[in-house]
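Q: What follows is the residue order along each chain.
Protein chains: 2
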Amino acid sequence: MEKMDYLQQPQAIEAKSFVIIGEIIHDTRPDYRFASPLHEAVIKRVIHTTADFEWLDILHFSPDALDRLCTAIQCGCSLYTDTTMALSGINKTLLAQFGSEVRCYISDPRVVRRAKADGITRSMAAVDLALGDAGEKIFVFGNAPTALFRLLEHKAQVSGVVGVPVGFVGAEESKEALVESGLPAIAARGRKGGSNVAAAIINALLYSLREAQ
Amino acid sequence: MEKMDYLQQPQAIEAKSFVIIGEIIHDTRPDYRFASPLHEAVIKRVIHTTADFEWLDILHFSPDALDRLCTAIQCGCSLYTDTTMALSGINKTLLAQFGSEVRCYISDPRVVRRAKADGITRSMAAVDLALGDAGEKIFVFGNAPTALFRLLEHKAQVSGVVGVPVGFVGAEESKEALVESGLPAIAARGRKGGSNVAAAIINALLYSLREAQ
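Chains as they are written, first to last, in the working numbering: chain A, 1 to 213; chain B, 1 to 213.
Misleading hints may appear alongside valid ones.
Same chains, same names: a pair is fine if it fits in one copy or spans any two.
No farther apart than 25 Å at their CA atoms in a straight line, the calculated lysine-lysine pairs in the PhoX-like style are these [stated by the list, open to error]:
1) K116 / K16
2) K92 / K116
3) K3 / K44
4) K155 / K3
5) K155 / K44
Calculated directly from the structure, the hints in this document are not laboratory data. Since the structure is predicted, the reported quantities are computational estimates derived from the model, not experimental observations.
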């Protein structure tokens with residue numbers, strides 16, 4: 001096997017990536033200021049996940065979002081994702097170390113049945129089912145505007161919402177409704193988002209909480 | 001529950017999304033031409049997944065890539081992803097209808113053991129393990145440049161590669177090496193990519209094959 005020359009240590013690759021991201025921000029946006037180390041950690045990890053520096057300007061944080069999300073994770077809560085992809089991307093080992101967990105009800109038989117019976121999306125039925133669970137809740141949406149709209153219809157007082165559905169129909173409107181809801185929220189303005197972005201935001205919080213221990 | 005006004009039919013949402021994407025391309029890039037309906041399906045689905053129109057210019061298709069990938073899927077092959085996120089995003093029901101399947105070896109105990117023993121990434125060890133399987137293979141990488149470099153080191157004649165690792169260290173270089181390898185490949189130029197993009201490319205092929213049936 002002919003060996004090629006490339007960095008092979010995952011931690012070294014990640015560390016170097018964040019240095020490069022910092023340099024690019026410094027060079028291209030010298031006046032850009034992060035509001036806090038946690039704000040910086042979230043934005044840089046989303047850029048790490050997307051290689052898209054538009055994320056410097058897209059993410060909206062409600063004033064209490066980072067505090068509320070971190071406290072809920074540390075006190076033990078359930079995260080609910082709208083896709084198995086977002087669930088798959090979240091560091092579940094680390095989440096469990098804080099006494100929290102993540103669930104995705106999109107393929108739950110009760111959700112499939114209810115969506116069919118009521119003529120609603122499975123994403124909406126999954127929100128309804130999750131809200132029946134006991135305990136503190138964080139909702140993590142990277143895909144389905146209908147899930148986010150449904151959550152807002154319930155006017156439930158949840159611990160936090162990561163609202164970054166991507167798309168062209170309803171996505172932007174759902175995120176603006178989240179921003180205006182007053183819920184503790186991290187939301188993407190405009191069309192961009194995705195399950196990868198949703199997972200990256202949660203992972204950034206988890207890694208920052210681990211470092212702070 | 002106070003009802004909000006939004007489209008709730010998944011098929012209608014998707015159809016409307018693709019119409020909007022087509023309109024935006026028409027308005028902003030009137031001279032842009034797709035090489036074929038399949039080429040168009042892939043690019044538009046990646047834009048649908050990312051809301052990022054840079055994908056009009058980023059994706060490289062080797063001359064035989066679309067034919068080889070579609071034939072392999074239709075004849076029954078194994079897809080290997082570098083992340084559970086990419087695996088999670090691929091339509092496995094539809095894939096199975098064509099007699100194909102998708103696997104991710106990243107957490108296989110043999111991979112974890114081998115990576116530790118040899119001081120390589122688990123992504124590399126997963127490629128080594130996959131190449132020992134019988135049958136036609138497609139590799140689908142959205143995250144790990146080391147996986148793509150490793151595959152190229154083996155000089156294996158696989159049925160196709162979707163090479164779209166995202167990132168700042170090795171990602172671009174690994175994709176350029178793929179482009180130059182002569183393998184049937186869809187590759188992203190530059191830093192962008194991701195597990196969501198990798199899954200979207202495979203799903204675009206699957207939906208096009210289903211429509212053609």
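Q: Checked against the structure, which of the hints given earlier come out wrong?
A: Checked against the structure, the hints that fail are numbers 3 and 5, while the rest are satisfied.
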